[in-house]
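Residue numbering for the sequence shown is 1 to 434, as defined by the numbering used here.
Since the hints were derived computationally from the structure, they do not count as laboratory data.
Fair warning: there could be bad hints in the mix.
As the list claims (entries may be wrong) - Label-pair ranges, simulated between beta-carbon atoms:
hint	residue 1	residue 2	range
1	R203	E412	42 to 50 Å
2	T106	A308	22 to 30 Å
3	G340	E180	45 to 53 Å
4	E107	R178	13 to 21 Å
5	G268	A308	39 to 47 Å
6	D188	D432	43 to 51 Å
7	I328	L181	46 to 54 Å
8	R178	A308	43 to 51 Å
9	K418	N310	22 to 30 Å
10	V57	D195	48 to 56 Å
11	P186	P68	53 to 61 Å
Because the structure is a prediction, the values reported are computed rather than measured.
Backbone N, C-alpha and C define an ideal beta-carbon position, used for all residues, glycine too.
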Amino acid sequence: MRFALTALLSAALATAAPAQAPASGSEVFIHAGALLDRPGEEPRGNATLVVRDGRIVSVQDGFSQPPPGATLIDLSDRFVLPGLIDSHVHLSSDRAGQEGLIASFTESEQMAAYETLWNAQKTLQAGFTTVRNLGDEGATLALRDAIARGWATGPRIVDAASSISTTSGHMDSRLGIREELHEAIPHDNLCDGADDCRKAVRRQIGRGADVIKIATTGGVNSRIGAGLGAQMFEDEAKAIVDTAHLYGKKVAVHAHGADGIVLALRAGADSIEHGTLLDEEGIALFKKTGAYYVPTLSTVNGYLERIAANPNAYPPEVRKKIDWRIGITGKSLQKAVPAGVKIAFGTDAGVSKHGRNADEFELMVKHGMTPQAAIKAATVNAADLLGLAKEIGTLEPGKAADIIAVSGNPLEDVTVLKQVGFVMKDGEVHKDAR
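Full structure from sequences and hints, please.
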């Protein structure tokens, strides 16, 4: 929780390390030992990617020699694939529980801007060249624009501004706070009744939101013992989705309980985040509507690490839900995969640690996905969910030159994606550990 939205990034931006970009119009030839240019299909052997002005010009079999004046990047001993996409992050904080709560009261908006930038840079260094930031009260909207202008270093950001829920719902930042302080805490992201919920959507769109994020159920981290079932009525959810779609915005829905999942899918949600208690009715609605499921399994890693360091990291009403979440994680994915539900990669980083996004791959494979399917979820599928399939997700002529490389074959061992050694975004090299 931050007490005011901020665009105070100017000081933070001064620390951003410059990327290595070729001169405008010059070509970059990238030799790939193996190339997964279209995740979901078989990889190529030796191949050459030609990049100019941040775009892929051609993809060729074999090692083509660059002409005079072109730059050669030799990844002939690496496995090369598209930049990864995390469909569910919260860049404004890498802290949670009581530590995060205290920071929201004691630290300045300027410090929040630094933290947002720092988390974005960690994410890019991990090979995630695009993220969907699903709600916070920090500087992410401004950072999105600063990155797009070339003023800051970080992944491409699709941003939800502030998440929407009902009063005392999961996104009510006043929960667990002394009542006399409530008016000082922003809560114009809350809505009660269909008309109020339409207004809440329009407010976020006015702030510049690319996507709308709502909560139809309670949340694990909510400082209230109100359970994880539905906390929004059907007319409220329908009003939100219809209004967002009217403005051409997709809707991502936080939902744990089966009733809240079904309610959201019936309303026309574009994705369900977490989906912890997915049942047969929910699976049928996923198949009928074509919505994506974003499992966010690696939240449990953040919980386990914080509890190991401090058993009192979370208040009792939250800790009880965390213990439940740890025990049930992955069971919905085990149902969704054989049923053919569309899966997009998302971590809920901020609950888990930024820069450790690739931990999600290991858990996806553990709970029923093949490495190939997990990688497709973080490229082709995530690009489709974000509405960016024409720009990213595969390495094809005309698309953005978002390219990463690893040692080893992630189709055989998906954990090699935890050690990305080369990162290019929009034709600029941001990491090269060769």
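Query raised in the report: Which earlier hints can't be squared with this structure?
Result: Hints 7, 8 contradicted; others consistent.
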